[in-house]
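If you're matching positions, the sequence shown starts at 1 in our numbering and goes up one per residue.
What the hints contain is simulated information worked out from the structure, not anything from laboratory work.
Ideal Cβ placement from N, Cα and C applies to all residues, glycine included.
Where hints are given, some of them may not hold.
To be verified - Derived CB-CB ranges, DEER-like:
(1) K4 / A54: 29 to 35 Å
(2) V43 / K65: 24 to 30 Å
(3) K3 / N61: 16 to 22 Å
(4) A29 / E8: 21 to 27 Å
(5) R50 / K12: 18 to 24 Å
(6) F35 / E11: 19 to 25 Å
(7) G67 / D34: 34 to 40 Å
(8) V14 / R44: 14 to 20 Å
(9) N61 / S39: 31 to 37 Å
(10) N2 / K41: 32 to 38 Å
(11) K4 / S39: 17 to 23 Å
Said to hold, decoys possible - Using 30 Å as the maximum straight-line C-alpha spacing, the simulated DSSO-like pairs for lysine-lysine come out as follows:
(12) K12 / K57
(13) K4 / K63
(14) K63 / K18
(15) K37 / K12
(16) K4 / K24
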Amino acid sequence: MNKKAKNELKEKSVQDLKAMVGEKVKEIAKTRVDFMKGSIKNVRRVKTLRDELARIKTFLNAKEKGGLTNKQ
Numbered sequence: 001m002n003k004k005a006k007n008e009l010k011e012k013s014v015q016d017l018k019a020m021v022g023e024k025v026k027e028i029a030k031t032r033v034d035f036m037k038g039s040i041k042n043v044r045r046v047k048t049l050r051d052e053l054a055r056i057k058t059f060l061n062a063k064e065k066g067g068l069t070n071k072q
């Protein structure tokens, strides 16, 4: 995830971040099923998705606790 994408996460609202978490969880589940079927070529995709989910959850947690503002 590049710096631009991280800045975009900082600007999103808590509701948007929660929606993104739900989407990523579904995408991870679908990718795992595809991986088990053998229909996925990029085997690192699951790890990449988990890393993205962790970043989103980090920003969500910071926003909920009030520790992250748009100025940072």
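Check: What hints, given by number in increasing order, does this structure fail?
Finding: Violated hints (numbers, rising): 1, 2, 6, 8, 10, 11 and 15; every other hint is consistent with the structure.
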